[in-house]
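Each chain, written out:
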Amino acid sequence: MAATGTGPSAREIFATLEYGPAPESHACALAWLDTQDRHLGHYVNGMWLKPEHRNSVPCQDPITGENLASCLQAQAEDVAAAMEAARTAFDSWSRLPGASRAQHLTRLAKVIQKHQRLLWTLESLVTGRAVRDVRDGDVQLAQQLLHYHAVQAHAQEEALAGWEPMGVIGLILPPTFCFLEMMWRICPALAVGCTVVALVPPASPTPLLLAQLAGELGQFPGILNVISGPASLGPVLASQPGIQKVAFCGAVEGGLRLLIQESVWKETMRRLQARMRQLRSGRGLDGAVDMGARGAAACDLAQHYVREAQSQGAQVFQAGDVYPDSPFYPPTLVSDLPPASPCAQAEVPWPVVVASPFRTAKEALALANGTPRGGNASVWSERLGQALELGYGLQVGTVWINSHGLRDPAVPTGGCKESGSSWHGGPDGLYEYLRPSGTPARLSYLSRNLNYDTFGLVVPSTLPAGHELGPSLPLPYGLFVGGRFQAPGARSSRPIQDSFGNLHGYVAEGGAKDIRGAVEAAHQAASGWVGQSPGARTTLLWALAAALERRKSTLVSRLERQGVELETAKAEVELSVRRLRAWGAQAQAQAQGQTLQVAGLRGPVLRLREPLGVLAIVCPDEWPLLAFVSLLAPALAYGNTVVMVPSGTCPLLALDVCQDMATLFPAGLVNVVTGDQDHLTRCLALHQDIQALWYFGSAQGSQFVEWASAGNLKPVWVNRGCPQAWDQETSGASPELGLRAARTKALWLPMGD
Amino acid sequence: VRSEVRGAALDLSWISKVQVNHPAVLRRAEQIQARRTVKKEWQAAWLLKAVTFIDLTTLSGDDTSSNVQRLCYKAKHPIREDLLKALNMHDKGITTAAVCVYPARVCDAVRALKAAGCDIPVASVATGFPAGQTHLKTRLEEIRLAVEDGAAEIDVVINRSLVLTGQWEALYDEIRQFRKACGEAHLKTILATGELGSLTNVYKASMIAMMAGSDFIKTSTGKETVNATFPVAIVMLRAIRDFFWKTGNKVGFKPAGGIRTAKDSLAWLSLVKEELGDEWLKPELFRIGASTLLSDIERQIYHHVTGRYAAYHDLPMS
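Protein sequence lines correspond, in order, to chains F and S.
End of the first sequence sits at 753 in the UniProt record's numbering; the numbers just go up one at a time, nothing left out.
End of the second sequence sits at 318 in the UniProt record's numbering; the numbers just go up one at a time, nothing left out.
Honestly, the hints are just simulated from the structure, not real lab data.
No experiment lies behind these values; they were computed from the predicted model shown.
Built from N, CA and C at the ideal position, the CB exists for glycine as well.
Any given hint could be a false lead.
As the list claims (entries may be wrong) - Simulated DEER-style distance windows between Cβ atoms:
1) S:K114 / F:M751: 28 to 38 Å
2) S:S13 / F:A231: 55 to 65 Å
3) S:E284 / F:Q278: 16 to 26 Å
4) S:D11 / F:L713: 48 to 58 Å
5) F:R271 / S:D11: 53 to 63 Å
6) S:Q31 / F:T64: 48 to 58 Å
7) S:E284 / F:L279: 26 to 36 Å
8) S:D314 / F:Q278: 51 to 61 Å
9) F:E52 / S:Y309: 47 to 57 Å
10) F:T360 / S:S60: 25 to 35 Å
11) S:T261 / F:N67: 56 to 66 Å
12) S:E30 / F:R271: 12 to 22 Å
Said to hold, decoys possible - Cross-link-like lysine-lysine pairs, in silico, DSSO-like; alpha carbons within 27 Å at most:
13) F:K417 / F:K266
14) S:K114 / S:K39
15) S:K250 / F:K266
16) F:K362 / S:K17
17) S:K246 / F:K266
18) S:K180 / S:K92
19) S:K40 / S:K17
20) F:K417 / F:K245
21) S:K85 / S:K40
22) S:K114 / S:K40
23) S:K17 / F:K266
24) S:K92 / F:K114
25) S:K85 / S:K74
26) S:K92 / S:K76
27) S:K180 / S:K250
Unchecked claim - Derived contacts from chain F toward chain S, CB cut-off under 8 Å, selection only:
28) G7
29) G20
30) R132
31) A231
32) S232
33) G282
34) D290
35) G385
36) E389
37) S403
38) Y431
39) R435
40) S437
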């Protein structure tokens, strides 16, 4: 109807042609909150859980500050209740045929479709994000995720034979997040048969709504349980008995860094500023808004960063004014920031963009890779050759060529370096919640006796250990670093005994400096090895296999002296040779990943499998030759360079192999450091420039490795003290080795002229 | 009446390095449509504004003086008087921006508009519309005759073959000659973007047309298989902005073909507002070529004023 309200008349607007408010009705979101009397609890086992005597926090509209609801804060026993529900549900859910799980997920997708308005208005109301983004982006993608993973569940028995669901998964979400981040994690988990307990920060109703929609499907109410509570409950969730994995999730996208070639710097900045001036910010529930608000904390963060940058000499352009006490912060472009200033190193907050110039593509690559972050990046260039070179060279999980922010359930997204090493979507996302069938379950409790400060700190002194007895085969001595045997930095040795307790020989006592040298040597060899064709890698692994065959008699007698039966010793050597050949062939067969076709995108997405970089491997005591080779072969096949700590009780066989590697392999490709295992493990775990660490030793060592590696979030793989049957194909040549030996990168290549 | 000198000397460096990024343009086109909307009073005001941008067009083989006359009357009275009164807009003199016809109907249109006592300009298509596949000599003559008959604006089509074979100098020279033949009349250059092969070509043709002195660049004839689309428009608008940044001259933009609904027209207004700014939102710099759009806008206005959806017979036909 005409002429309602007190706003400007059509006559006035006719002159100015301004935009007006375009509010999206959020009556249904409020009505849903009313069904809970504006009092939200947790959603556990298909029911609302509202225990008494709990603190509650208000859920506020980030723009008006209006109280929308109060949310209960969970305590440890609520977490335990959710855990119990998930565990019970797991028994039936994981035993279902994949097809039935697929059906259930499809039903959930349909329920979301039916109630999508409720979902998008609630999300926008509570988070302040632009409603059209949520409506057209997130809600659609949430349904696609369910459909995609339903298909994966349907094909699970065939496609994922030999793998089983891990069990109950804990999911911890950060203070600001988008419900989609939760969907990326729960969909694959549920699809493969896991059940989930999600700990969401207080005052986030959307996950609760999702849990309710899932719970009201009737069957299997306990597969998705959502409890809201403070971050301090994280350790409580992680230490619940039976929890098999805890997944974390990053906060919503922050600010951006932009690298612009000097030759187009001026033009680009001018265009950027012109475009920024057109951005509209406002209430998220307005249909004509580009940027919503993220609350006072986000504004303060941005304001603080911009002030700092200014004081450090940066130029600041803001498309709009900064008002005190306003929930909106204008889009901001920071330039001319001195490269060494603290702001240039710090994380850029939303909605700030930091632009810096570069001269050549090579320099751009160095700048982009020179940060601890490795989530995603986009490359804008009209020259395909250059764009691809950058795309392959960037150390990130996702690269978009001439596009940004595209996502699809079939394309794995993840990261490297500090952006984490887990994957969502695509086949990679499924393996996050699977383990090879028969793997022992994770014990949830951690040893409280382990002293992180002293574990492996001191090496017990070793002294000469008497006469060397028995048949004396020539024994190499030294640390195998940079292609040759070197004396250890400590200039001391440790005795190795044979099965009769007699001295078998001495090996070098490696230490921190030797590890440092080995990692350096491995880094130097890395670029050459990555550049080798898969065929060349195959050739080299096969050459090592042949050399091992020639050395068979030495190896067998060495094993015999360690108390291995002759036949078993022969089998171990033969099997080692076979493993080298098999992974050598794999190096060629696994090729370079695959091409994905994605809905709505013209052009392919490449799923690349890239080497991790320098991979450190601590070998188990058992199977001193076979385990060493079984771990080494996949690492090399996928293009990594390696620092290895061989079996602690019998490192001699590994050193025999080193003699062949010294003549066959490029220097630094494989480095073997002997010594005290705990000490070397400590050195490796605390080294920041190792890209991944595999540890097969004690339970305590495993715990230490996981703790220490958090320093640079490198991917770790530990055995928690459980010995493996390395002679069995299922563990000694498990596909898990191949999965863990490389990382995935998604390269988006939209096309069109 | 044109006073300032339009165009610029031919400078091929303005187009030689340009590469339009197709996926990015598609993305931007999607975004603008999804993220801009106007409602209620704003919608009514914007729709009335859209009316003032319309080149009300009839380009059919069976056009005669009677339907041209009816069209002219509709151009003068695009929205029912009582609806305008309800919005307090009856004294704003809202008419369409121009009437657009074939050269042979220019006389009819001029006569009808004179009879209605208004100064809405008559635009004539010319230069072998719509294909442009006639001799240059007759194409130039066609312009002169239309101007003689009283057309104040000439919508010329460019020679697509010159674009597809990259003969930019020749294209520049041709449009220069069109410009000269127009005399005082406005020159609107139709790029027929559906037949140019790529967005990069659209950009280059836009730039050449502007350098050669066009007052407007126009997307299409309405007779190609692909007409005014958002991605093409974004490329043309960026070219207009680049030309303005380089020369200080503002060139107008006219999408035509396939714009039929009121909702479409709103999207086009916000596209221009986003890409070029408010200064381009006036009939001197923005037109919409359309024939059936006006009746849908009138229906929407009717609904805004009365709260009811109009029946077919509630609104006068054009």
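How the hints compare with the structure:
no., hint, result
1, S:K114 / F:M751: 28 to 38 Å, "violated (54 Å)"
2, S:S13 / F:A231: 55 to 65 Å, "holds (58 Å)"
3, S:E284 / F:Q278: 16 to 26 Å, "holds (22 Å)"
4, S:D11 / F:L713: 48 to 58 Å, "holds (53 Å)"
5, F:R271 / S:D11: 53 to 63 Å, "violated (20 Å)"
6, S:Q31 / F:T64: 48 to 58 Å, "violated (27 Å)"
7, S:E284 / F:L279: 26 to 36 Å, "holds (27 Å)"
8, S:D314 / F:Q278: 51 to 61 Å, "violated (38 Å)"
9, F:E52 / S:Y309: 47 to 57 Å, "holds (55 Å)"
10, F:T360 / S:S60: 25 to 35 Å, "violated (59 Å)"
11, S:T261 / F:N67: 56 to 66 Å, "violated (42 Å)"
12, S:E30 / F:R271: 12 to 22 Å, "holds (19 Å)"
13, F:K417 / F:K266, "violated (33 Å)"
14, S:K114 / S:K39, "violated (37 Å)"
15, S:K250 / F:K266, "holds (22 Å)"
16, F:K362 / S:K17, "holds (22 Å)"
17, S:K246 / F:K266, "holds (14 Å)"
18, S:K180 / S:K92, "violated (35 Å)"
19, S:K40 / S:K17, "violated (45 Å)"
20, F:K417 / F:K245, "holds (20 Å)"
21, S:K85 / S:K40, "holds (17 Å)"
22, S:K114 / S:K40, "violated (36 Å)"
23, S:K17 / F:K266, "holds (16 Å)"
24, S:K92 / F:K114, "violated (47 Å)"
25, S:K85 / S:K74, "holds (17 Å)"
26, S:K92 / S:K76, "holds (12 Å)"
27, S:K180 / S:K250, "holds (19 Å)"
28, G7, "holds (6 Å)"
29, G20, "holds (3 Å)"
30, R132, "holds (5 Å)"
31, A231, "violated (34 Å)"
32, S232, "violated (39 Å)"
33, G282, "violated (11 Å)"
34, D290, "holds (6 Å)"
35, G385, "violated (14 Å)"
36, E389, "violated (18 Å)"
37, S403, "holds (5 Å)"
38, Y431, "violated (31 Å)"
39, R435, "violated (39 Å)"
40, S437, "violated (43 Å)"
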